[in-house]
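S.K.: Chains as they are written, first to last, in our numbering: chain A, 1 to 247; chain B, 1 to 312.
Treat the hints as calculated values from the structure; they're not laboratory data. No false leads were slipped in.
Short derived list, chain B residues pointing at chain A, Cβ under 8 Å:
| no. | residue |
| --- | --- |
| 1 | VAL165 |
| 2 | SER169 |
| 3 | PHE253 |
| 4 | GLU257 |
Even glycine gets a Cβ: it sits at the ideal position worked out from N, Cα and C.
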Amino acid sequence: MQEVVIKTDKLTKRFGDFIATNEITFEVYAGEIFGFLGANGAGKTTAMRMLCGLSKPSSGQATIAGYDIYKETESIKKHIGYMSQKFSLYEDLTVMENIRFFGGIYGLTNKQIKEKIKNLAEKLGLQDQMRKLVGSLPLGWKQKLAFSVAVIHEPRIVFLDEPTGGVDPVTRRQFWDLIYEAADNGITVFVTTHYMDEAEYCNRISMMVDGVIKALDTPANLKAHYGAASIDEVFFELARGAKRSAD
Amino acid sequence: MQDVVLNQITKTYNKGAVRAVDEVSFSVDKGELFGLIGPDGAGKTSIFRMLTTLLLADSGMATVNGLDVVKDYKQIRSRVGYMPGKFSLYQDLSVEENLSFFATLFNTSIAENYDLIKPIYVQIEPFKNRRAGKLSGGMKQKLALCCALIHRPNVLFLDEPTTGVDAVSRKEFWEMLAGLKQQGITILVSTPYMDEATLCERIALIQSGKILSIDRPEAIINQYPETLYAIKAAHMSKLLHDLRSNPQVKSCFAFGEYHHVSFQRSDTNQEVQLLKYLQELQHVGLEIKQIQASIEDCFIRLMNKEHAGSRH
Chain A
1 MQEVVIKTDK
11 LTKRFGDFIA
21 TNEITFEVYA
31 GEIFGFLGAN
41 GAGKTTAMRM
51 LCGLSKPSSG
61 QATIAGYDIY
71 KETESIKKHI
81 GYMSQKFSLY
91 EDLTVMENIR
101 FFGGIYGLTN
111 KQIKEKIKNL
121 AEKLGLQDQM
131 RKLVGSLPLG
141 WKQKLAFSVA
151 VIHEPRIVFL
161 DEPTGGVDPV
171 TRRQFWDLIY
181 EAADNGITVF
191 VTTHYMDEAE
201 YCNRISMMVD
211 GVIKALDTPA
221 NLKAHYGAAS
231 IDEVFFELAR
241 GAKRSAD
Chain B
1 MQDVVLNQIT
11 KTYNKGAVRA
21 VDEVSFSVDK
31 GELFGLIGPD
41 GAGKTSIFRM
51 LTTLLLADSG
61 MATVNGLDVV
71 KDYKQIRSRV
81 GYMPGKFSLY
91 QDLSVEENLS
101 FFATLFNTSI
111 AENYDLIKPI
121 YVQIEPFKNR
131 RAGKLSGGMK
141 QKLALCCALI
151 HRPNVLFLDE
161 PTTGVDAVSR
171 KEFWEMLAGL
181 KQQGITILVS
191 TPYMDEATLC
201 ERIALIQSGK
211 ILSIDRPEAI
221 INQYPETLYA
231 IKAAHMSKLL
241 HDLRSNPQVK
251 SCFAFGEYHH
261 VSFQRSDTNQ
271 EVQLLKYLQE
281 LQHVGLEIKQ
291 IQASIEDCFI
301 RLMNKEHAGS
311 RH
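Isolated chain A (complex conformation):
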């Protein structure tokens, strides 16, 4: 039996009459790369905010890394990492300052931070850039650095919200190398993307439409089930009937 790190049971979020996330039930296993797909407005961001302990559900249950989503949000935050395309690092701090800052926030000791700085500089080839402002780095480097910072405290789960938007095709692949490496080290990866080829890199994917999880399986099984040649086709099949298109 695989260890479950995310478990939700009829998790729901209402905003007035609007049901953003409607009774979603699923499990994510330790060390898995889980793709969380859906059209704009399907309710992905709302669901992700609840899973990160940032938004209180209207009803339903969930545990993240074993912690309850209602009562133990602070413990959840300590055991997860988060990275989005929009906000990730402080542009007006240097590379080193960002690492030190986030390392400190996550409670790493000075000695651990020093080691992380050395390791990351080597791994990302950033030795000459450590004292440069993050704002001056090319987008691809920023995203790779942001990911490394999001897992600096070796969390159980890392949530990635469209991490590769607008990134060039070579860097996009290097970014996925980092994701694979994290997964190999036992970190569970929960990722959203609009690139359908990236959905193929996931162990399992879910597809959300109008607040509901319409499908959840391995990419191969989904394609077989819908008689589709690509995940793109599966997505069209499921999302075409969507009524909502809110952001």
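Assemble the complex: chain A is given as a structure, and chain B must be docked to it using the hints.
M.R.: For chain B alone, coordinates are given in the frame of chain A:
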């Protein structure tokens, strides 16, 4: 006739430290749907801003609709439509107010050009009293396109209209562009999504301010010089690693369900040898097939070539 011409256009920032656009030349024919394909930071937005007369080039010259972007900037402004990458309409005005505001700016009215925007506008018309800031991403995009079209421009500039938009809405947007092309409007559109390249008549692949290639998408694909194979196995990340450490392999990268591989040598038994090598490494579920390159394959190859060249 050419509706957009760039001749050796260069734009630098930070006193020359950043070469955002580096001697770029290309032209767009009248009525053509031309795509500028490249990642963030490639220089796409700078090019758009120079062509729409919002930014001055350091050097080089450019014309739009036969007019010089520096000398004739006033005339150009009334003849082009521009949809910036960042949503730039008035969030606190309603859908209809935004549209009539832009119509008024150009001395026209919604009624006068309704036929042009109709296929797009009908989709958001039910929400015409809603504030623009309260619209969904897909609806904002449609409103922005209507506002860029309301004065019936000759040339339409669309800067990353589909970024961050889901695959279904992206497809709908390209269908709208095909409709506008039928109306004879010249369209220059940029996108970071390589799969959208094939929807353009001609494309320029751009990276770090430099054009890598300009042609019809099919022609760029046909110019791909190597035989390309798609390969998969049960354990894909181990496969990638093993392929990269095989001396037979020239290049190898992940590509959705498969990895794409090209060989150092072109003789026919390369595939067979490779499969044998992988079987010895205990790979199961192996499948290999020859494939046609996609625009993304071409882009990766050109990027790596450019990168290797700049080191010498």
